[in-house]
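Each residue of the sequence shown is one higher than the one before, starting from 6 at the first, in this note's numbering.
By construction, these hints were calculated from the structure, which means they are not laboratory data.
Some hints here could point you the wrong way.
[Stated by the list, open to error] DSSO-like mimics (lysine-lysine), calculated; alpha carbons at most 30 Å apart, straight line:
id, residue 1, residue 2
1, Lys102, Lys117
2, Lys243, Lys267
3, Lys11, Lys339
4, Lys102, Lys59
5, Lys267, Lys128
6, Lys125, Lys243
7, Lys347, Lys34
8, Lys128, Lys103
9, Lys103, Lys115
10, Lys11, Lys59
11, Lys102, Lys243
12, Lys103, Lys125
13, Lys346, Lys117
14, Lys448, Lys286
15, Lys456, Lys305
16, Lys115, Lys34
17, Lys102, Lys128
18, Lys448, Lys156
19, Lys488, Lys121
20, Lys267, Lys286
21, Lys338, Lys34
22, Lys156, Lys178
23, Lys125, Lys102
24, Lys267, Lys488
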Amino acid sequence: MSDSFKNVFAQGVAAFEQGNYDEAAAFLKQAKSMNTDDSRVFRVLGNCLRLLGKVDEAISVYREGLQIKYDLNTHQRLINTLNYSDEPPSLVALEHKKWAEAYTNHYVLKYKLSLKPRSKHLKIRIGYVSPDFNAHPVAYFLLPIIQNHNKDIFEIFCYANINQEDGVTHQFKLAADRWIDIRHMSTVQLFDQIQQDAIDILIDVAGLTSGNRLDVFALRAAPVQVTYLGYPGTTGLKTMDYRLVDSISDPQNVSDEWHSEKLYRLPDCFLCFRLPPENLKINDAPCQSNSFVTFGTFNKISKITDRTIALWVQILQAVPDSKFVLKGRGFEKKVEQNRIKKRFASAGLEQIDRLVLYGFSPKRSEHLLLYNELDIALDTFPYNGTTTTMQAIFMGVPVIALDGKSHVARVSQSILSAIGANELVAMDEEDYFLKAVHLANDKERIAHYKKELRSMLEDSPIRNEMNFIANLEEAYRRMLREKQLRIW
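Given the sequences, and given the hints that come with them, work out the whole structure.
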C-alpha cells in the first residue's frame, strides 16, 4: 500500500468525518482509482455518496467493492442503502438473505455453540436486545412496552448495547426485571449469558442497524427469536423465527415471500407510541395569517432522495409563493445547507429563498414546537418517516404519504390508517402531487387538521398502550405454542 494512497484515503476519511461529503467523495474516488484492493475505500465512499443523496451511485460502489473483495461490513452497508432505493423488494430481500448466509456461516464456523437445557422458571422470560435504550426515536415506541408488560406472567430482561446512558435509560432500568449491560460482552459471553438467563423469547430491536447483536441470533441463543421495530425489513437470518408487523405495513400474501422470518401481524398498527410529556400548544395553521402555504419535512437528510426532491419542487411550483421547511441534523452546517439548496436548484427550484433550513434541536420541546411553522408535512419516499410522522400528527400537521410496495415505504400509511386519515395516503406520485396541491388550496381543511389530528392520534389504537401490550403478549404466547414449548 503506497504512502500516496494512504494520504489521499486519510484526507477523504477526515473530510467525511467533518461532514464535508463533496470534498470527501473527490478524495475517495481518487483513492479508489489508486487502490482497488482496500475494501474500506468502497465502504466509506459508498457511505459518503448515500449521505449526498446519490443512492444509486452508492449502491454501485458497494457492489463494485464486493466483487473485488467480499466484506460483511460493506455488504451490510449495501443492504441498508437498498432501503432508500427503488429496487424491487424481491431483490432487496434476496440481498438480505445472501448477507445473512455469509454472516451466519462466519459465526457458526467460528463458534460451535448450541442451546442448552434451560432451568425451570415460573414466568415467561422475554429478552429485548437493543442499542437504543436511551433518548433515541426507538424509545418512543419501546419504553411503553417494557413498562406495561404483565409482570405476573412475564419476566423482562433488557440486554443493553448502549454507549451513552441518560434519563430515558433510567426509565428502562426501572421497568425491567433484569438489566444486563452487554457493551463489552463477546459473542460467547453474551450467548452464555442468555443461556444462563433461560430466555424463552429473544427480541432483536435493531435489525441491520449499528449496535445490533445479530451474532447471537445467528447462533440461536433462544428457542424463539423475533425481530421488531428498529429495522424496516427482514434480517435474512434463518434462525430468526418471527417478525412483528401489521396487515398494512406488510399485506398478507405480499410481503411474506420477502422475509426469512414468519410474519406475525399484530391487530391495528404494529406501533405503540408514547406521546411527549410536555404540554405543547398547537398554534393556528401558519397559512391563516401568512399569504402563503408552508410545506416541510423533518426527516433525516439521508431519506431525502433526488426523486423525492423533484416531486417536492413540482409541488412548490404549483403552489405560488409557498415555502418549504427542512429540519434535520446537519443543517446547522453551512456546507449541508448549500448542498441541499443545490439539489433543489438542480431539480428546478429557481427561488432558493423559498427553502427554510433548521438544524438539530437539543431539546425535544424546541424540535416539536417548530412543527407549528408547517401547514403540511410531505413524507419522504421510498423510505418513510416513523417518529417524524407521529410527531407531525401530534402537533396537528397533516402528512401526505406515498403508498409503497414494501414495509419501509408503507409505515406512514399504517400510521395514517390507524388514526383514520387514509385520505392523506397517495396511490402514486401524481396522486401525491394532487393531494398536496389540493390541500394547500383548502385552508379550512388545514385548520380542521390542526384542531383534530392530535385527538385522532390520542383516540387511536397507537395510543392504547394496554390493548397493544395485550395483543403483543398474546403474540408471544402463540409463538411459544407454535414452537411447541411449554406455556405458563
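Quick rundown of the hints versus the structure:
1. Among the hinted pairs, Lys102 with Lys117 is consistent with the structure: their alpha-carbon atoms are about 22 Å apart, no more than 30 Å.
2. This hinted pair checks out: Lys243 and Lys267 have alpha carbons roughly 10 Å apart, not beyond 30 Å.
3. A C-alpha spacing of about 29 Å is found between Lys11 and Lys339, which places the hinted pair at or below 30 Å, so the restraint holds.
4. Among the hinted pairs, Lys102 with Lys59 is consistent with the structure: their alpha-carbon atoms are about 24 Å apart, no more than 30 Å.
5. A hinted pair counts as satisfied when its Cα atoms are at most 30 Å apart, and Lys267 with Lys128 qualifies at roughly 25 Å.
6. With a C-alpha separation of about 27 Å, the suggested pairing of Lys125 with Lys243 holds against the 30 Å cut-off.
7. Restraint check: the Cα-Cα separation between Lys347 and Lys34 comes to about 21 Å, which is no more than 30 Å; the hinted pair holds.
8. Proposed proximity of Lys128 and Lys103 is contradicted: the alpha carbons are some 37 Å apart, above 30 Å.
9. With a C-alpha separation of about 19 Å, the suggested pairing of Lys103 with Lys115 holds against the 30 Å cut-off.
10. A threshold of 30 Å between alpha carbons decides the hint, and for Lys11 with Lys59 the separation of about 25 Å falls inside it, so the pair holds.
11. Proximity of Lys102 to Lys243 is assessed by CA-CA distance (about 9 Å); at most 30 Å being required, the pair is judged to hold.
12. Between Lys103 and Lys125 the CA atoms are separated by roughly 37 Å; this puts the pair beyond 30 Å, and the hint is violated.
13. With a CA separation close to 53 Å, the supplied pair Lys346 and Lys117 exceeds the 30 Å bound.
14. Taken as a hint, the Lys448 and Lys286 pair is honoured in the structure, with Cα atoms around 20 Å apart against an allowance of 30 Å.
15. A threshold of 30 Å between alpha carbons decides the hint, and for Lys456 with Lys305 the separation of about 27 Å falls inside it, so the pair holds.
16. Between Lys115 and Lys34 the alpha-carbon distance is near 35 Å, which puts this suggested pair outside the 30 Å criterion.
17. Using a Cα cut-off of 30 Å, the hinted pair Lys102 and Lys128 is violated, with the two alpha carbons roughly 34 Å apart.
18. At roughly 49 Å between alpha-carbon atoms, Lys448 and Lys156 are farther apart than 30 Å, so this suggested pair is violated.
19. Of the supplied pair hints, the one linking Lys488 and Lys121 holds, its CA atoms being roughly 16 Å apart against a limit of 30 Å.
20. With a CA separation close to 42 Å, the supplied pair Lys267 and Lys286 exceeds the 30 Å bound.
21. Only pairs whose Cα atoms come within 30 Å are accepted, and Lys338 paired with Lys34 is accepted, the gap being roughly 24 Å.
22. A hinted pair counts as satisfied when its Cα atoms are at most 30 Å apart, and Lys156 with Lys178 qualifies at roughly 15 Å.
23. About 35 Å separates the Cα atoms of Lys125 and Lys102, which puts this hinted pair outside 30 Å; it is violated.
24. Straight-line distance between C-alpha atoms of Lys267 and Lys488 comes to about 12 Å, which keeps the hinted pair within the 30 Å bound.
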